[in-house]
Each structure stands twice: as C-alpha cells, then as structure tokens.
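This is what each chain is made of:
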Amino acid sequence: MDSPLETFPLFMVGPESFAVPIMASVVVTWAIMAMLVLGAALLTRRLTMVPSRAQATAELLVGTVDQQIRDVTGAAPAPYRAFVGTLFMFILIANWSSLIPGVTPPTATMETPAALAAIVFLSIIFFGIRGGGVGGFLRGFALPNPVMIPLNMLESITRSFSMFVRLFGNVMSGVFVIAIVGSLAALLVPIPLMVLDLLTGAVQAYIFAVLSMVFITSAVEKGKPHNKES
Amino acid sequence: MTFDYWTLGFQAVNVLVLIWLLHRFFWKPVAAMIAARQATVATLLDEAKAKQAEAEAELDKIAATRAGLATERDAMLATARKDAEAARETLLAEARAEAEALYATAKAARVRAAETLKTNAMDEAQGLALTIAGQLAARLDGPATDAAFLRWLVEGLAALSDTERTALAGVELELVSAADQDSPVQDRIAAAITNALGTPAKLTFRTEPALIAGHELHAPHFSLRNSWRADLDRIAAALGEKGDLSDAA
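So the sequences go chain by chain: A and B. In this text, residue positions in the first sequence follow my numbering: the first is 1, and each later residue adds one. In this text, residue positions in the second sequence follow my numbering: the first is 231, and each later residue adds one.
Hints were generated in silico from the structure; no laboratory data involved. The beta carbon of each residue, even a glycine, is placed where N, CA and C say it ideally should be. One thing to keep in mind: the hints can contain errors.
Residues of chain B placed beyond 10 Å of chain A at every Cβ, according to the derived structure [stated by the list, open to error]:
| # | residue |
| --- | --- |
| 1 | ALA266 |
| 2 | ALA323 |
| 3 | ALA325 |
| 4 | ALA327 |
These stretches of chain B come out as covered by chain A in the derived footprint (C-beta under 8 Å, 3 or more residues) [as the list claims (entries may be wrong)]:
| # | segment |
| --- | --- |
| 5 | 237-243 |
| 6 | 255-264 |
Could you put the whole structure together from the sequences, leaning on the hints where they help?
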C-alpha cells in the first residue's frame with residue numbers, strides 16, 4: 001500500500017525541461033468543477049416563479065447557506081454566500097467522491113486542503129480590508145491590546161493551518177482506513193466505514209465552511225470603527 | 231511525504247475559478263430568483279392587504295348603509311304609525327259624527343213618534359172628555375145650564391170694550407147653541423144680548439150639538455166662544471203647551 005502522504009502525478013504537461021505534473025486530485029477537481037458548473041448552468045437556465053423540484057432543491061440550498069451565514073455571523077449573507085457556499089459544496093462533493101471506486105478524494109491529499117486553507121487565509125485578509133480598510137484590518141491585530149499583535153498574527157496563520165490539517169487528516173484517515181479494511185475484507189465489510197466516511201465528509205465540509213465564515217466575520221468586525229475605541 | 235506546489239497552485243486557482251463560476255451561474259441567479267419571489271409575494275401580500283382594506287371599507291359602508299336602513303325603517307314605521315293614528319282618529323271622528331247623526335235622527339224620530347202619540351192621546355182624551363162632558367151635561371138641568379151659559383155670555387159681552395161693542399151694533403150675529411132653543415128662550419137670549427150690547431141685536435140661531443152645552447156668538451169678524459167645547463179646547467191647548475214645555479225641559 002502506498003503512503004497516503006505520497007502523491008504521484010497522473011501525467012505531465014509542458015516541455016520536458018519544464019514539465020508540470022498533473023495530479024489525480026487536480027483531474028478529479030476539474031471533473032467536480034465541470035459537474036458543478038454544468039449542473040448549475042443547466043439548473044439556472046430556466047428559473048421560474050413556480051419552481052421545479054430541482055429548482056426548489058437549489059433554492060433550499062441557497063436559503064440554508066444564507067440562514068447559516070446569518071445564524072453564525074449575524075451579517076447579511078449576500079457578500080459571503082458564493083464563497084462559503086462554494087467551499088461547502090466543493091469540499092462535500094470532493095469528500096464524497098471517495099464513494100466512486102478508484103477515485104481518491106482531492107481533499108485526501110495535502111495540496112487541496114492546503115489550497116483551500118490558503119484561499120481562506122487570503123479571503124480573511126480580503127474581506128477584512130474590504131470591511132474596515134487596511135488600517136482597520138491591521139488594527140484588528142492589536143485587539144484587545146497591542147501586546148497581542150504577535151499572537152494574533154500567529155493565530156491568523158495557525159487557524160488556517162489547523163483548518164488544512166483538520167480537513168486533510170479526517171478525509172485522508174477515512175480513505176486510509178477504508179483502504180486497509182478493503183484490502184483485508186473487500187466484500188461488504190468496508191460499507192459501514194464508507195457510510196461513516198460520508199458523515200465525516202459532510203461534517204468536515206460544514207466545519208470548514210462555518211469556520212471560514214467565522215474567521216472572515218471576525219476580521220470584518222475587528223476592523224470596524226467601533227472596535228478602534230475598545 | 232511529498233507536497234507538490236504546482237498542485238497547490240492548480241487547486242487554489244481551481245477553487246477560485248469554481249467560486250467565480252458558481253457565483254455567476256448558481257448563487258447569484260438562484261438568490262435573485264428567491265428575492266424576486268419574495269418581492270412578488272410581498273407585492274401580492276400588499277395587494278391582498280389593500281384588497282382586504284377595501285373589503286373592510288366596503289363592509290363598513292354596508293354596515294353604515296344597514297344602519298341607515300334601520301333608521302329609515304324606524305322613521306317609516308313612525309310615519310306609518312302616525313298615519314295610522316291619524317286615520318284612526320279620522321275614522322273615529324267620522325264614526326262619532328255618524329253615530330251622533332244617527333242618534334239625532336233616532337231622537338228626532340222618537341220625538342216625532344212621541345208627538346204623534348201625544349197628539350193621538352190628546353185627541354182620544356179630548357174625544358173621551360167630550361163624551362164624558364156630553365153624558366154629564368145630559369144629566370144636568372138643561373134650563374139652568376142654559377141660563378148659566380147665557381149669564382156667562384152676557385158677562386163676556388160686558389167685558390168687551392165700548393169700541394168693540396159699538397162695532398157689533400147692526401151686524402148680523404149668529405148664536406150657536408148646543409141644543410135647539412124654543413122661541414121664548416130665543417127671545418130671552420136676544421133680550422139679554424141686546425141689553426148687553428146696548429143696541430138691538432140682529433140674531434140668527436143655529437144648533438150645534440158638538441158644543442155639548444152653552445152658547446156661542448159669531449160674527450164675520452168676531453167670535454165669542456162660550457161652551458164646554460170651547461172650554462175643552464182651551465184645556466187641551468193649555469195641556470199641549472204644558473207638554474211642549476216639559477219636552478223642551
């Protein structure tokens with residue numbers, strides 16, 4: 001069995017001197033992207049006031065994401081909807097892609113969770129600056145007092161890193177356990193573990209999305225003028 | 231453990247592109263549709279509220295109209311009651327007038343009947359009195375009665391004024407007696423009348439049994455009634471006047 005921490009390129013692109021490896025996770029990600037975008041395009045091509053079952057499902061998803069954003073942050077959902085919702089959907093489908101035989105979830109390799117965590121890290125900066133300006137965002141690191149600046153800066157990195165590790169560890173471990181059990185007893189025995197992996201994948205997607213939202217909102221709130229006085 | 235930075239970059243770009251694409255093709259249109267539906271529902275709710283307000287206003291109008299109808303009905307009832315009262319009063323007045331007219335007619339008829347009865351009774355009484363008086367007179371002494379009536383006749387002539395007595399002089403006088411008078415009696419009567427008038431009287435004698443008893447002296451413009459019949463007539467006239475007075479009372 002290969003180490004789950006090892007990744008191998010599926011194929012290489014570009015000249016031989018500067019060949020770029022294309023990992024399986026990237027290909028699966030492209031497939032997930034294609035499925036999501038095509039499905040969304042097909043679904044939203046004919047939106048009507050009286051919704052079809054698919055449209056009602058899509059609206060239920062949007063409404064649920066909006067409600068979650070409101071519940072978690074108390075903020076208006078529109079600026080964060082696409083970011084948080086897409087993260088959740090992508091991670092959920094990526095996690096569940098392990099059900100397809102022969103497919104390794106992109107989130108089970110380190111690069112994808114790391115990329116997601118990096119995007120969250122950058123989005124925290126982006127939304128923080130957009131909400132309170134550069135000064136407001138930087139002042140947020142001095143809360144509750146300037147002594148906390150190094151710790152807050154370190155925390156901003158470590159919390160994104162923890163998101164990366166949490167997602168990667170959970171998904172990778174699930175895949176690894178199923179692979180071990182499957183190698184020992186391939187018929188029927190891994191099924192309960194796969195069901196558990198479904199649950200884990202959904203929970204991890206939810207946690208990743210909610211934590212992203214919490215961190216972004218925290219940065220936005222800290223950068224607002226009323227926090228300058230406090 | 232390997233970590234491929236190309237893959238990290240690819241995945242980061244992939245996720246960012248996916249976020250943009252889904253924002254373009256999924257989140258934005260679906261959210262817009264939800265907002266449009268919410269706006270439509272809000273509009274429909276507003277319209278429904280407006281219609282409800284209109285319906286309530288119409289309901290208030292209907293209630294006011296009903297209240298007006300009730301007031302109008304009460305007014306009409308009061309008017310009808312007043313008209314009925316007036317009609318009843320009119321009918322009562324007409325009935326009262328008619329009853330009074332009937333009562334007056336009945337009273338007049340009753341008075342006429344009473345008059346008729348009284349007249350008839352008076353006539354019968356008079357006839358009865360005449361009969362009784364005739365029968366009584368038949369039992370009296372005829373010459374004495376004649377003498378008494380002759381004396382009353384002379385006293386009547388004496389009671390006349392001189393002018394009246396002078397007017398009777400030379401006039402043809404008729405002496406009516408209840409019974410036939412023989413010549414000596416006629417002479418005595420003529421002498422007494424001549425003596426009473428102071429001038430010779432031109433007398434003619436006639437017998438009228440209806441006088442019952444007595445002598446009456448008649449001239450074309452003079453009449454001296456001196457008989458029981460005349461007395462009975464006077465009594466009857468006096469009784470009639472008395473009856474009229476009692477009826478009037």
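Evaluated hints:
1. Chain A draws B/ALA266 into its interface by the beta-carbon criterion, the shortest separation being 7 Å against a cut-off of 10 Å.
2. Every CB of chain A lies more than 10 Å from the CB of B/ALA323, the least distance being 81 Å, so the non-interface label holds.
3. With a cut of 10 Å on Cβ distances, B/ALA325 stays outside the contact zone with chain A, its closest approach being about 82 Å.
4. Listed as outside the interface, B/ALA327 is consistent with that label: its C-beta sits roughly 86 Å from the nearest C-beta of chain A, beyond the 10 Å cut-off.
5. Beta-carbon proximity to chain A at under 8 Å applies to 6 residues in the segment 237-243 of chain B; the threshold of 3 is reached and the given coverage holds.
6. Given a C-beta distance limit of less than 8 Å, the hint that chain A covers the segment 255-264 of chain B holds, as 9 residues qualify and 3 suffice.
In terms of the numbered hints stated before, the structure departs from hint 1 and from no other.
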